[in-house]
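Asks: Read off the chains here:
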Amino acid sequence: MQTAILAAADLDQLIQLLIVEGFQVIGPVRDQHAILYDQISSAADLPQGWIDQQEKGSYRLEQSPNQAYFGHTVAANSWKKFLNPPRRRLWRASRENGQLVFQAESNEAPPLAFIGVRSCELHAIRIQDAVYIQGSHPDELYRSNRQRLFNVSVNCTRATATCFCASMNTGPEVSLPSDINLTEVIDAEQHYFLVKAGSPAGERIVAQLPTRAADQTAQQAGREAIGAALQQMQTGPRYFDSSDVKELLYRNLESPSWDDVAERCLSCANCTLACPTCFCSAVEDSTDLTGDHAERWQRWDSCFTNDFSYIHGGTIRESTRSRYRQWMTHKLATWIDQFGHSGCVGCGRCISWCPVGIDITEELLHIRAAEAK
Amino acid sequence: MNTPRVLQVHSRREEIPGTFTLQLRAADDQPLPSFVPGQFNMLYSFGAGEVPISFSGSARETDSYTHTVRALGKNTEALQRLLAADDIGVRGPFGRGWPIPELAGKQVLVIAGGLGLAPLRPLIYHLNDNYQQFAGIQLFYGDRHPQQLLYRQELQQWSANMQVNLSVDQAGPDWHGHIGVITSLLNNAVFPLDNTIALVCGPEIMMRFSIQALRAKDLPGEAIYLSMERNMHCAIGHCGHCQWGPTFVCKDGPVFRYADIEKWLYTREL
Amino acid sequence: MITVADFVRQHSLFAGLEPHHVDFIAGCGKLRRFKANEYLGRENEPADYFYLLLEGRAVIETHQNSKPTVPLLTLGEQEVVGWSWLFPPYRWHFDARAISALRTVEMDGRCLRDKCEQDAKLGFDLMRRLAMVMMSRLHAARFQLLDVYAAVPANSRGSLR
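If you read the sequences in order, they're chains B, D and E.
Start counting the first sequence at 1; every next residue gets the next number (our numbering).
Start counting the second sequence at 1001; every next residue gets the next number (our numbering).
Start counting the third sequence at 2001; every next residue gets the next number (our numbering).
Bear in mind the hints are in silico, worked out from the structure with no lab data behind them.
Do not rely on the hints blindly, as some may be mistaken.
Cross-link-like lysine-lysine pairs, in silico, DSBU-like; alpha carbons within 30 Å at most [said to hold, decoys possible]:
(1) B/246 - D/1263
(2) D/1263 - D/1106
(3) B/246 - D/1251
(4) D/1217 - E/2067
(5) D/1251 - B/81
(6) B/81 - B/246
(7) D/1263 - B/373
(8) E/2035 - E/2121
(9) B/56 - B/373
(10) D/1106 - D/1217
(11) E/2067 - E/2035
(12) B/373 - B/246
(13) D/1074 - D/1263
(14) B/81 - B/373
(15) D/1263 - D/1217
Some, not all, of what chain D presents toward chain E, calculated at C-beta under 8 Å [what the hints assert, rightly or not]:
(16) 1148
(17) 1169
(18) 1188
(19) 1206
Heads up, incomplete: computed chain B residues facing chain D, CB under 8 Å, no partners named [as the list claims (entries may be wrong)]:
(20) 102
(21) 106
(22) 320
Ideal Cβ placement from N, Cα and C applies to all residues, glycine included.
Put together the whole structure using the sequences plus the hints.
Replies: The structure is reproduced here in structure tokens:
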């Protein structure tokens, strides 16, 4: 489909069309001092005119010089909580006349539409797809959320300091399919979106929007805006060649760098919760006071917790050193053997939301430097 | 696969104090999915939690599942309280089992330590039932004390079709078998290096030491299989708990070929 | 006729030893049978001999508090019983007892020590072979200490949650 132009003032029409179609629309909102993904009902809910400045252990919002809707980068949370809720009941069981009966949970949530999904985040969703639905035992709730998902992706036209998708080859330009792809172009004279449908459902929606064809100049403006984000990353400190990272980590399971990072790491699990690809979960079984009803709940878990690796006789990953090594080596190395792609998309959330400012890209450099010694 | 199926405890047998065997049958008339020796089920006793337990019965019994369990924590203690006719929640079968197709024509060494004999028993049944298909069968079974030995009657029966070598760490003067460690038995074992497959199951350290004894005799790492144990919640590769290097023990294992995982077996706190 | 040298040659301890060394060593050995429950050696008694087991089984054991004996290790054919003959004061550390009828080659320790003094190369080779046996016994003893089949293995008793 041809690229079209949607005036910024008409963005709300896209959201209203999705609502009319029955979607629960999720997009970026400003919530106190951060941008989060949450339910929205109109374009007015979007954090227009706000941008984020992220650094190691630091996240600040500030007013943008312009009125862009998507001038910020990735939100503090990721989309994963909508596809795989942090806490959910898997089943209920009851004992009736001594007989055990299980009742599986069904998915009654409405279909979701995400608006403002960045390229790194599309990669993250694809990575979680591989975990939850591509094996021989798909997660039914995730699959049903995922199959009904309507995705409006946005090309990044700005990077914040923690962004390193250019190093992980996952952005800033959207390369994976989405139902509709947007590029926001804004300058002193004009403010519009380049709109491209990527699926029949996307085409149906776009056809109902007041668009006009995008000429060469308009498309060039979009490319330049994406190029600016790319250049920000390429000239920043977190631009590196990630092609040999798996071998690097496999060679350095006993690197002194792990001891060094363990001195700083609090084992708090923030990085795993902020990460858009971390998928670990735990189940909890409970019974009510009568003892006749039981439930199993699934909740997000983290490889940084003490009992994560517990087997009779003790916890296998007792030290913080081993837990950080597990997390980082999984993310960047063993994930490749498990699923054929890295588990890191370069979104930088683990860097910003680490309370002590541990930076995964810096740790890679440390390991490389320690090896070279 | 997230919701258990209701099965019924058909029989319960105390093997040794604290270790018991449950035989489970369908509560309805639906057939039970077949399993491969070495695979496991997730067992749920109402109100407690789920726990991965290997099959320990014959894969030829299509109308029941048999599991030998040691009561070691809250969940296995709840299983211990189950009696015949009680309901139980079961998910499975899960995981990769022993490499049965590769065993034909081979000298097969079955090496069990302690409760590790239970996950090997379905395999031993297969070997025993088809003993003529193999160049030879040698069972090495080490445990703590003669009174801790599992399946004592069957060990007797199996010795008709295979060489059964027992070893205990400690014994009273009335024990006439070997006292020492399983590696001593392996050091003296005779098998052809080019036509032998060894299958090892027991505490991780016992498996490492046993494999080292086999490797010292030059048995190739490609001919050695072992069964690993890690924390498991989902058993289908979603929860992440059982990750071990690049593997998920629940779906890539629990049975692994030694040559494929040697690096990970010797990495601490992995 | 099968000679002592033939049994020595076929025993795993001497596998691959040069023929003239085998004959040399066999000069220190003679065939000896034990009945079940007969002792090959007893704690604190002179350890003048050691034994190459050919057939049958023996146990290394000890006792404490006048209670029944504590068996530590059983040994069978192709294995070796005794190394106290190697070092002063040449006395047995444990009891060694036949638990079945036993056929052995009884090696005279003093004779062998003299031969090793005469031929240092043979001495080194013999020591290396005996050190291998001792290494494997030490490994086994440590393995036993770990008590790996206990519900709570020895190494995690301190840190059980």
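Asks: Where does the structure disagree with the numbered hints, that is, which hint numbers, in rising order?
Replies: 4, 8, 13, 14, 21, 22
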